[in-house]
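A.B. asks: Sequence:
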Amino acid sequence: MYRFYFNCHHWKPTRDQWVYANRCLPSREIQRIDEYAYERDVKFALIGQLLIRYLLSHVFQEKSSSFEIQRTKSNRPYLKSNHLFDFNLSHHNQLVSIAGTFAGQIGCDTILYQSNRLRQENYDLFRKKFTFDEFELIGRNPKNFYRLWSLKESYVKWLGIGIGFPLLRLNFHLQRENFFRNEIISDTILRINQQLPSDKIRFDEQMIFLNDYDQQLITLCLSTTNPCQLFVELTIDDILHGCTPFDENKQEYFISWERFQTKRQTDIFS
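Here the sequence shown is numbered in the numbering used here, starting from 631 and rising by one per residue.
Don't take every hint at face value.
As the list claims (entries may be wrong) - The calculated lysine-lysine pairs, modelled on BS3-like cross-linking and capped at a C-alpha distance of 27 Å, are:
hint : residue 1 : residue 2
1    : K710      : K830
2    : K710      : K693
3    : K893      : K693
4    : K893      : K880
5    : K642      : K710
6    : K880      : K642
Claimed, not checked - Computed Cβ-Cβ distance ranges for the label pairs, DEER-style:
hint : residue 1 : residue 2 : range
7    : R889      : N841      : 28 to 36 Å
8    : N705      : N812      : 28 to 36 Å
9    : D877      : Y843      : 40 to 48 Å
10   : V862      : I791      : 22 to 30 Å
11   : P796      : Q647      : 38 to 46 Å
12   : P656      : N812      : 34 to 42 Å
13   : F762      : T874      : 49 to 57 Å
14   : P707      : L826      : 28 to 36 Å
15   : G790      : E665      : 35 to 43 Å
16   : T865      : I822      : 37 to 45 Å
17   : Y843      : E692      : 50 to 58 Å
FYI, nobody ran anything at the bench for these hints, they're computed from the structure.
Virtual Cβ for every residue (Gly too), placed ideally from N, Cα, C.
Take these sequences, add in the hints, and give me the full structure.
C.D. replies: Below is the structure:
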């Protein structure tokens with residue numbers, strides 16, 4: 631069982647870091663990443679692909695450039711050479727998180743944990759996504775909206791079917807509502823169509839304290855046979871040292887850096 635996260639918001643890339651990071655990815659991924667208009671999204675996508683290769687290199691003790699990563703019809707990355715190992719990636723606000731396991735499937739989601747109440751337009755949008763019991767939890771504590779949404783997302787990602795799953799079928803029962811540092815909450819109960827799921831799964835929730843005011847939640851849906859453990863925060867040096875280049879310096883990598891300088895910035899992390 632492996633769990634890592636990286637704070638993209640804190641990373642101010644240098645030219646050398648950016649060029650080396652691009653060298654550690656195949657050209658098709660560099661081209662895909664470059665299509666994003668915003669600097670934030672480019673960083674998310676770049677770090678996400680590096681984290682996948684860092685994870686695989688860490689697990690299998692092979693060069694990160696040696697792995698062939700493909701995508702399912704629902705655009706979920708997977709390792710072609712070893713279907714027994716599953717991993718899942720998520721990014722939002724400041725963090726990019728990834729988890730991997732040999733014990734069944736895994737779904738990962740991360741979301742900013744806010745205290746804002748839902749605006750009426752958002753209430754109308756999401757009222758068909760939550761059960762009556764869940765809306766009671768949200769009414770009692772607005773932060774439960776983000777927690778319940780992340781739980782639902784992690785389950786759908788565990789299924790690996792992409793968007794379109796009727797979220798109203800999922801009814802989550804929160805046993806605890808307070809998070810503490812360096813703690814995993816894993817006693818949340820899911821009922822599907824009012825029945826306990828036939829698969830032996832659980833939900834691990836960890837709160838990352840970004841600063842004195844902001845918190846971000848990482849949620850996993852996984853088999854009960856997996857150990858319960860904390861996420862490990864990585865630095866950019868950790869990630870780059872764990873990745874190997876595909877080839878020598880090419881002009882396209884320096885062009886990628888120049889194009890990154892022209893990306894639009896935004897103060898809103900979503």
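A.B. asks: With reference to the structure, classify each hint as holding or not holding.
C.D. replies: Hint by hint, here is what the structure shows:
1. With a C-alpha separation of about 26 Å, the suggested pair K710 and K830 falls inside the 27 Å cut-off, and the hint holds.
2. Between K710 and K693 the alpha-carbon distance is near 15 Å, which keeps this suggested pair within the 27 Å criterion.
3. Proximity of K893 to K693 is assessed by CA-CA distance (about 31 Å); at most 27 Å being required, the pair is judged violated.
4. Of the pairs offered as hints, the one joining K893 and K880 holds, with about 21 Å between alpha carbons and a cut-off of 27 Å not exceeded.
5. A C-alpha spacing of about 33 Å is found between K642 and K710, which places the hinted pair above 27 Å, so the restraint is violated.
6. At most 27 Å may separate the alpha-carbon atoms for a hinted pair to count; K880 and K642 meet this at roughly 23 Å.
7. Between R889 and N841 the C-beta distance comes to about 31 Å, which sits within the given range of 28 to 36 Å.
8. Restraint check, N705 to N812: a C-beta distance of roughly 33 Å satisfies the suggested window 28 to 36 Å.
9. Against the hinted window of 40 to 48 Å, the Cβ-Cβ separation of D877 and Y843 comes to about 44 Å, which satisfies the hint.
10. Against the hinted window of 22 to 30 Å, the Cβ-Cβ separation of V862 and I791 comes to about 29 Å, which satisfies the hint.
11. For the pair P796 and Q647, the supplied restraint of 38 to 46 Å holds, since their beta-carbon distance comes to about 43 Å.
12. Between P656 and N812, the C-beta spacing of about 37 Å keeps the proposed range 34 to 42 Å intact.
13. At roughly 52 Å, the beta-carbon separation of F762 and T874 lies within the given 49 to 57 Å, and the hint holds.
14. The given range of 28 to 36 Å is respected by P707 and L826, whose C-beta atoms sit roughly 30 Å from each other.
15. For G790 and E665, the hinted distance range of 35 to 43 Å is not satisfied, since their beta carbons lie about 24 Å from each other.
16. Here the CB-CB span from T865 to I822 is close to 39 Å, well matched to the stated 37 to 45 Å.
17. Checked against the hint of 50 to 58 Å, the pair Y843 and E692 fails, with Cβ atoms roughly 41 Å apart.
Checked against the numbered hints listed earlier, the structure breaks hints 3, 5, 15, 17; every other hint is satisfied.
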